[in-house]
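Asks: When you read off a place in the sequence shown, starting at 1, and then add 10, the result is the number in this note's numbering.
Treat each hint with caution, since some may be false.
List of simulated lysine-lysine pairs, DSS-like, C-alpha gap at most 30 Å [unchecked claim]:
1) K114 x K135
2) K60 x K90
3) K125 x K39
4) K60 x K114
5) K123 x K90
6) K60 x K39
7) K90 x K114
8) K95 x K114
9) K151 x K95
10) K137 x K90
11) K70 x K90
12) K158 x K90
13) K151 x K90
14) K34 x K70
15) K39 x K114
16) K34 x K125
17) K60 x K135
18) K125 x K60
19) K60 x K137
20) K95 x K158
21) K158 x K34
22) K137 x K123
23) K90 x K39
24) K114 x K151
25) K151 x K125
26) K123 x K158
27) K135 x K158
28) K123 x K39
29) K137 x K95
30) K151 x K34
Taking CB as the label site, the calculated pair distances span [unchecked claim]:
31) K60 x T94: 16 to 22 Å
32) S51 x N30: 44 to 50 Å
33) E157 x K90: 45 to 51 Å
34) D113 x Y80: 23 to 29 Å
35) E157 x E79: 42 to 48 Å
36) S97 x R152: 26 to 32 Å
37) K60 x Q150: 32 to 38 Å
38) E157 x A120: 34 to 40 Å
39) I153 x L121: 28 to 34 Å
These are calculated hints, taken from the structure and not from any lab test.
Where a beta carbon is used, it is the ideal one built from N, C-alpha and C, also for glycine.
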Amino acid sequence: MRNKFYVILIIVFAGCSQQNPIEKALETKSGEYWRYYTSNSSTFTYFRFKEDHLSVRYYKDQDSTQFSEYAKTEMESSQKWSVTKDSIMTWGDFNYDIISYNDKAVVLLALSKEKPFVNYIFLIKTKENEVIGGPGSFEQKRIFNPEKYPFEK
């Protein structure tokens, strides 16, 4: 009887200690950052999501490959984060719906009181030495190459 109790206790403990798969995907390893942007972004901001459920905000100079942590006085460098089983991310003082995720990209939906009433946030996993264009590079590609994107076929 006592052995059954221990087996049940171990099963319950093991089941409760399993990490949410979305949280596991968000955690960054050494040399990895999440590049944060929206369709209105003019610059990138970078985050690292740590196992202790704190996110740390970073910036990267245009001319540098080095990431630097924001000063503690600037816009709350560290914020708590968590993800529920029904895919709601609490990050700092805000809640986001997780629309899609994998190990390389996360799409969040934030509600707004102003038009357009929703805002999509994109998190793209970036390696420390990866060379990338700015947030407007996709729009600029379309503007400067309209022949590649015909409106009618």
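Asks: Failing hints, ascending?
Replies: Violated hints: 3, 9, 12, 13, 16, 18, 20, 21, 22, 26, 28, 30 and 32; rest satisfied.
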